[in-house]
Each structure stands twice: as C-alpha cells, then as structure tokens.
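**Student:** Line by line, the protein sequences are chains H and V. Numbered per the numbering used here, the first sequence finishes at 124, counting up by one with no gaps. Numbered per the numbering used here, the second sequence finishes at 124, counting up by one with no gaps.
Derived from the structure by calculation, the hints contain no laboratory data. Check the hints yourself; a few may be wrong.
As the list claims (entries may be wrong) - Partial chain V-side listing against chain H, Cβ under 7 Å, derived: (1) 7; (2) 69; (3) 71; (4) 72; (5) 76; (6) 78; (7) 100.
Unchecked claim - Just the calculated beta-carbon pair ranges, DEER-fashion: (8) V:59 / H:39: 34 to 40 Å; (9) H:85 / V:109: 35 to 41 Å; (10) H:85 / V:79: 48 to 54 Å; (11) V:61 / H:67: 48 to 54 Å; (12) H:71 / V:106: 44 to 50 Å; (13) H:34 / V:70: 33 to 39 Å; (14) V:58 / H:34: 25 to 31 Å; (15) H:88 / V:88: 22 to 28 Å; (16) V:62 / H:47: 22 to 28 Å; (17) V:68 / H:67: 25 to 31 Å; (18) V:88 / H:73: 35 to 41 Å; (19) H:55 / V:73: 32 to 38 Å; (20) H:108 / V:109: 30 to 36 Å; (21) H:49 / V:109: 20 to 26 Å.
From the three backbone atoms N, C-alpha and C, an ideal C-beta is built for every residue, glycine too.
Each chain is listed here by its residues.
There are 2 protein chains.
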Amino acid sequence: MQGSDRRSNCPIACTLDLIGDRWTLLVLRDLFLGKTRYDEFLGSSEGISTNILADRLRRLETMGMIEKTPYSSHRRRMQYSLTERGRSLGPVLRAIRDWGLDNVSGTETFRQRPPGRNERGPQA
Amino acid sequence: MQGSDRRSNCPIACTLDLIGDRWTLLVLRDLFLGKTRYDEFLGSSEGISTNILADRLRRLETMGMIEKTPYSSHRRRMQYSLTERGRSLGPVLRAIRDWGLDNVSGTETFRQRPPGRNERGPQA
Chain H
1 MQGSDRRSNC PIACTLDLIG DRWTLLVLRD LFLGKTRYDE FLGSSEGIST
51 NILADRLRRL ETMGMIEKTP YSSHRRRMQY SLTERGRSLG PVLRAIRDWG
101 LDNVSGTETF RQRPPGRNER GPQA
Chain V
1 MQGSDRRSNC PIACTLDLIG DRWTLLVLRD LFLGKTRYDE FLGSSEGIST
51 NILADRLRRL ETMGMIEKTP YSSHRRRMQY SLTERGRSLG PVLRAIRDWG
101 LDNVSGTETF RQRPPGRNER GPQA
C-alpha cells in the first residue's frame, strides 16, 4: 500500500491495512506452526472458508510474505511457506499471543509442529 | 468474548476478535499518544468517522480497556483514558509499529505528547 491509498503514514495504520483483518494473521499463525498445505489451513479450528483462504493466500503472496511451490508429484497442488518478510512478523504474532494468554481466560497455546520447520515463529 | 462466541481458544484468534479490526488499535494508539477527547480522536489523520469512533470507544469501555470521566465544567463532555488493561496492549502496538517502520516505506512515528501522560505506550 503506497501513497494515496494510505490512511496515513503511521506505521501502525499501514501495518493494519496490510495484515489487520480478521483472517490474515491466523493464516500466518498456521504457517508459523508448520502448516503448509491448503487442506491444513482449512482444518484449523476457526473454520476459515475456502474463498477467504484462497484470497488471503493470494494477498500474502502478492505482499511477498509467503511463497508457493508445487509439492511431490502433484504439479497443480501447492505448498506454502513463509518468506523472510513473512517471518519478520513473528514478534507481532508473539505480542498478540502473549496478550491473549494473559488477558483472555481459557486461551491456550496450540501444539507446535516438530522443530526445524518454524524455528523463528511463535507458538500460537 | 467467551465460550461459544469464540472461533477457537487460540490466544491470537481471541485477541484479534477483541481488537483486531481496522480502527480499534488506532484509537488505542491515539490514547497512548496522549489524546483524551472525542475531537482529538476525530482529528487523527486517518479520518475516523463519528459513528465508528463512538462505537469503538463504547466497545473499549465495555472491554475494560478505557474509562471515561467528565472534564472541566462540561458535565456532558467526556475524556477517555487507558486502564491498566488497556495499557497492557503497549507491547502489541509497539510490535506492529516496529514492523511497519522496518517494512513499509515512508512510514514515520508520530510526535508524542509531553512526557507524563503516556509513559508506558509506544511512540506511534
């Protein structure tokens, strides 16, 4: 988002305009947790719909936060992973997670995938 | 937001359901910057509308993040301030601000009010 599309030059407003919707940060959370495939994102307990998921993955790719590659022999099936730019959102997700754990009763961290796939992300 | 209203027990999802809309965090930012009055929030460069501002202030008060008190002799005019719960969102706002400053070109921190009113908040 550049120039006249912006609400202001405030870094908080600009960041929210990129990722501050109801779903984008949850898709990023899933990537930090080690999920890579469409059906894995769809399986998350919040119940994201297929059209919203497709839209958010497309937007995240356009923003340079994730990249997609074909997996195994299914040339038309894609897997998604965080780019360095995407991983740089780790502190944002961690701060949100920590506030939720401290301030919203009954919240709990999800189990993280085996180490090695998401070393830099938050356990959400 | 409790129980069945929740999308999940994930602390990130629950926090986003409370504050993760396009405007709430900007009102909180303004409070951290030392703004207290309705017309001051309306004057922020993002151009929040009066009905959205009134709604967000009401929601923040219901969530226990801000409190309102009459100011000066205008018994019907209110000023708003962060509660301890509201101030606990400082790390979230700082993480978002820092990511924006590092990753969105042209963003800049706003000037903060004189010290003493918002020691614990981010300079946004």
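**Student:** Are the hints correct? Go through all of them and say.
**Tutor:** Now for the hints, and whether the structure bears them out:
no., hint, result
1, 7, "holds, 4 Å"
2, 69, "violated, 23 Å"
3, 71, "violated, 26 Å"
4, 72, "violated, 29 Å"
5, 76, "violated, 30 Å"
6, 78, "violated, 24 Å"
7, 100, "holds, 3 Å"
8, V:59 / H:39: 34 to 40 Å, "holds, 35 Å"
9, H:85 / V:109: 35 to 41 Å, "violated, 21 Å"
10, H:85 / V:79: 48 to 54 Å, "violated, 40 Å"
11, V:61 / H:67: 48 to 54 Å, "violated, 43 Å"
12, H:71 / V:106: 44 to 50 Å, "violated, 37 Å"
13, H:34 / V:70: 33 to 39 Å, "violated, 52 Å"
14, V:58 / H:34: 25 to 31 Å, "violated, 39 Å"
15, H:88 / V:88: 22 to 28 Å, "holds, 24 Å"
16, V:62 / H:47: 22 to 28 Å, "holds, 26 Å"
17, V:68 / H:67: 25 to 31 Å, "violated, 47 Å"
18, V:88 / H:73: 35 to 41 Å, "violated, 50 Å"
19, H:55 / V:73: 32 to 38 Å, "violated, 52 Å"
20, H:108 / V:109: 30 to 36 Å, "holds, 35 Å"
21, H:49 / V:109: 20 to 26 Å, "violated, 37 Å"
Consistency note: the structure conflicts with the earlier hints numbered 2, 3, 4, 5, 6, 9, 10, 11, 12, 13, 14, 17, 18, 19, 21.
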